[in-house]
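From first to last, the protein sequence lines are chains E and B. Per my numbering, the first sequence starts with residue 67, numbered consecutively. Per my numbering, the second sequence starts with residue 34, numbered consecutively.
Misleading hints may appear alongside valid ones.
[To be verified] Quick look at which bits of chain E chain B covers, simulated, 3 or more residues with Cβ under 8 Å:
no., region
1, 167 to 181
2, 190 to 202
3, 205 to 215
4, 387 to 401
[To be verified] Cβ-Cβ distance ranges computed for the label pairs, FRET-style:
no., chain 1, residue 1, chain 2, residue 2, range
5, B, Ser83, E, Ser385, 54 to 60 Å
6, E, Ala279, B, Pro174, 55 to 61 Å
7, B, Ser83, E, Gly87, 31 to 37 Å
8, B, Gly288, E, Glu390, 38 to 44 Å
9, E, Pro268, B, Trp124, 22 to 28 Å
10, B, Gly76, E, Ser278, 58 to 64 Å
[Claimed, not checked] To give a feel for the contact side, a few chain B residues facing chain E, derived at Cβ under 10 Å:
no., residue
11, Lys56
12, Arg85
13, Leu87
14, Ile97
15, Ala103
16, Ala104
17, Val122
18, Pro145
19, Val229
20, Thr278
To be clear, the hints were calculated from the coordinates, so they are not data collected in a lab. From the three backbone atoms N, C-alpha and C, an ideal C-beta is built for every residue, glycine too.
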Amino acid sequence: MLLPTDLGLPSRPAFKGEINGHELALFELMVRLRLFERRAYDLFLQGLVKGTSHLSLGQEAVAAGFARAMEPTDLTFATYRGHAHTLARGVPMSAVMGELMGRATGLMAGKGGSMHLTSVEHGMMGSYAIVGAHLPVAVGAAWAARSRGTKQVVVCFFGDGTTNIGAFHEALSLASVWRVPVVFVCENNLYMEYTAISAVTPVRHPLADRASAYGLSATMVDGNDVAEVFDVARRSLAECREGGGPVLIEALTYRQSGHSRTDPGTYRPKEEVEAWLARDPLACYADYLVSSGFSRAELDEIEAKATAEVDGAVEAARSAPPPEISLVETNLWADGSASWRS
Amino acid sequence: MAILSYREAVARALAQEMSRDPKVVLIGEDVAAAGGVFKATAGLLDQFGSSRVLDTPIAEQAIIGAALGAAMNGLRPVAEIMFADFFAVCWDQIANQVAKTRYMTNGQISVPLVIRTANGGGVRFGAQHSQSVENWVMMIPGLKVVAPSTPRDVVGLTAAAIRDPDPVVVLEHKALYAVREEVPEGELVDELGKAVVRREGEDATVLSLGAMVPRSLAAADRLARERGIELTVVDVRSLVPLDVTTLLDSVRATGRLFTVEENPRLCGWGAEILSIVVEEAWDDLKAAPIRITTPHVPLPAADVLEDAALPSVERIVDTVEKHLAS
Chain E
67 MLLPTDLGLP
77 SRPAFKGEIN
87 GHELALFELM
97 VRLRLFERRA
107 YDLFLQGLVK
117 GTSHLSLGQE
127 AVAAGFARAM
137 EPTDLTFATY
147 RGHAHTLARG
157 VPMSAVMGEL
167 MGRATGLMAG
177 KGGSMHLTSV
187 EHGMMGSYAI
197 VGAHLPVAVG
207 AAWAARSRGT
217 KQVVVCFFGD
227 GTTNIGAFHE
237 ALSLASVWRV
247 PVVFVCENNL
257 YMEYTAISAV
267 TPVRHPLADR
277 ASAYGLSATM
287 VDGNDVAEVF
297 DVARRSLAEC
307 REGGGPVLIE
317 ALTYRQSGHS
327 RTDPGTYRPK
337 EEVEAWLARD
347 PLACYADYLV
357 SSGFSRAELD
367 EIEAKATAEV
377 DGAVEAARSA
387 PPPEISLVET
397 NLWADGSASW
407 RS
Chain B
34 MAILSYREAV
44 ARALAQEMSR
54 DPKVVLIGED
64 VAAAGGVFKA
74 TAGLLDQFGS
84 SRVLDTPIAE
94 QAIIGAALGA
104 AMNGLRPVAE
114 IMFADFFAVC
124 WDQIANQVAK
134 TRYMTNGQIS
144 VPLVIRTANG
154 GGVRFGAQHS
164 QSVENWVMMI
174 PGLKVVAPST
184 PRDVVGLTAA
194 AIRDPDPVVV
204 LEHKALYAVR
214 EEVPEGELVD
224 ELGKAVVRRE
234 GEDATVLSLG
244 AMVPRSLAAA
254 DRLARERGIE
264 LTVVDVRSLV
274 PLDVTTLLDS
284 VRATGRLFTV
294 EENPRLCGWG
304 AEILSIVVEE
314 AWDDLKAAPI
324 RITTPHVPLP
334 AADVLEDAAL
344 PSVERIVDTV
354 EKHLAS
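Okay, chain E solo, but in the shape it has when bound:
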């Protein structure tokens, strides 16, 4: 069991980060991510979303804090737990919901599904379902950014479990040798699938304790504190944009639901779950906003708007047709075909 206090975190996020002018935008983003994920879960239970899904419930502050700090031309690489990161970059809910429900209106017309959400026009360069695979890819995108002088920064999100796979090591090593503008963000939600990360990892902080091996240092953040995440994200992005990458961030957070849709998460001690629910990133942030002079009514209004947006996205996806069967043999190649012979 790992209580927040065991990790040196306050029982509730401190919200001391500099967020002037972004307060409500961050709240709106987190509410949208929360409500979308809740609805996605409901739709799984109803059988309207098939396959699997990996929800970001409880981890919204990391996605929101970073996305809000990024420039439109910056690039996101995420994992199969990628709904929140996709939405946070501005991808319309209807396109994401359409993809989850396998409709023609889906982000990839149904070819990708929950674990592969991608929207290049929003800088969302993909959700990767092989643990660790996207870290080297993010390094390459950052190398191209530096090589072409685009001033883009690449932000690569991954879980604590990723820090034990070989691609993690290869990517951090190469990123450091090549000094490329990439921010590696470990969302340490304390569990790799069904197992406590501490039970299978030789160091306490899966990313931060390994940073020195790559000649880097890492910053620990309270991943449930959107103000701290946003503040650190802004500084990290600026550092990379000025030629200072790579940057390592370990965000301590907690997955409020199970690993995937079939996992009730019963392996987690009740006391631990309760302690983390008490520092829910959204509820705590709402309280903080109210205590800072925002009215509960304006927050409620934002939430109502987000609910309507989710309703609209679900309705649009439900009424959308399934993809054309002819899509199966398209877009393997750049000419649009899947042909392999004359």
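Let chain E serve as the given structure and place chain B on it in line with the hints.
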């Protein structure tokens, strides 16, 4: 015309394309300062500088992953994997990431990258530095695969691979690096998906690629000289896309087919071609098509053992002769 070795042809192709397009970059282990362990990239660092020719750590997942990411973000990377056997070390990147990205994203992301590697046996390196992996790569949807057999084709096919908007695996044959021939001056670019008839004869068609092409041609010359048997030898050159038209035209003309494959037997590239021939040219066949392959074993190191395992000129001659006589 210049006389070029197969290894010099690699550097010439890369230099040709890097001069033409500043987005073309080269990464890999020892490719820059050392000029490649096979000296196939010698001189490129001096010509194009350290921002376009980069040494990497021994980290094949990072090499392929970085090439993929760079391709997604505006470069046209050429990544070298030193030995084709090492594809197994970065197979996730090749088979799951590079190959699937365009399809999974429904065309949002194109992946214009080239993976070059030293494929095949014949140089006594043993099982982990000698395997022919044609069958590994051609079975993955989303990868194009070419295998040049001559210095001229190294230039033409590598250039075509670099200009192609999709991922292309270029299987250079490590036993051919020292082979020399005259290569035309000036820009040379081939088309992917074109087989070449290297020799024409009416008795049977032999399909081969890479190092098996010179062996097939040597076998054909001996059969002609000693037995009066005339073979057509087709250099397949491109497994994906596959020039089915040229292959079928030849099989229809001769009615007999032999494949000469260096890959281990099961699921070798010739098996796929045989199935096409049987489905589409059945009525033109005068006899069952025959595959001449490496047995289904890893490659042994000792010279006599490796020579016995790989299809040899003698084995091609004997197999063709036996089946034509029956």
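Evaluated hints:
Counting residues of the region 167 to 181 of chain E whose beta-carbon sits less than 8 Å from any beta-carbon of chain B gives 4, enough to reach three: the coverage restraint holds. A count of 8 residues in the region 190 to 202 of chain E with a Cβ less than 8 Å from any Cβ of chain B is obtained; the coverage claim is therefore met, three being the minimum. Chain B is given as covering the region 205 to 215 of chain E, and this holds because 9 residues of the stretch bring a CB closer than 8 Å to a CB of that chain, at least three being needed. Residues of the region 387 to 401 of chain E with a Cβ under 8 Å from some Cβ of chain B number 7, which satisfies the need for three, so the listed coverage holds.
Between Ser83 of chain B and Ser385 of chain E the Cβ separation comes to about 56 Å, which falls inside the hinted range of 54 to 60 Å. A beta carbon spacing of about 37 Å between Ala279 of chain E and Pro174 of chain B contradicts the range 55 to 61 Å that was offered as a hint. Checked against the hint of 31 to 37 Å, the pair Ser83 of chain B and Gly87 of chain E fails, with Cβ atoms roughly 43 Å apart. Remark: the range hint 38 to 44 Å for Gly288 of chain B to Glu390 of chain E is upheld by a beta-carbon distance near 42 Å.
At roughly 27 Å, the beta carbons of Pro268 of chain E and Trp124 of chain B sit within the given window of 22 to 28 Å. Separated by about 38 Å at the C-beta atoms, Gly76 of chain B and Ser278 of chain E break the suggested range of 58 to 64 Å. Taking 10 Å as the C-beta cut-off, the interface hint given for Lys56 of chain B holds, the closest approach to chain E being about 8 Å. Residue-level restraint check for Arg85 of chain B holds (minimum Cβ-Cβ distance to chain E is 8 Å; threshold 10 Å).
The closest approach between the C-beta of Leu87 of chain B and any C-beta of chain E is roughly 7 Å, which is under the 10 Å cut-off, so the hint is satisfied. Hint status for Ile97 of chain B: holds, given a least beta-carbon distance of 7 Å to chain E, under 10 Å. About 4 Å separates the beta-carbon of Ala103 of chain B from the nearest beta-carbon of chain E, less than 10 Å, and the hint is met. The beta carbon of Ala104 of chain B is positioned within 10 Å of a beta carbon in chain E (closest approach about 7 Å), and the interface hint is therefore held.
With a least beta-carbon distance of about 9 Å to chain E, the hint placing Val122 of chain B at the interface is held under the 10 Å criterion. Annotation: interface hint on Pro145 of chain B holds; nearest CB of chain E at approximately 8 Å, less than 10 Å. Interface hint at Val229 of chain B: violated, since its Cβ lies 14 Å from the closest Cβ of chain E, which is beyond the 10 Å cut-off. The beta carbon of Thr278 of chain B is positioned within 10 Å of a beta carbon in chain E (closest approach about 5 Å), and the interface hint is therefore held.
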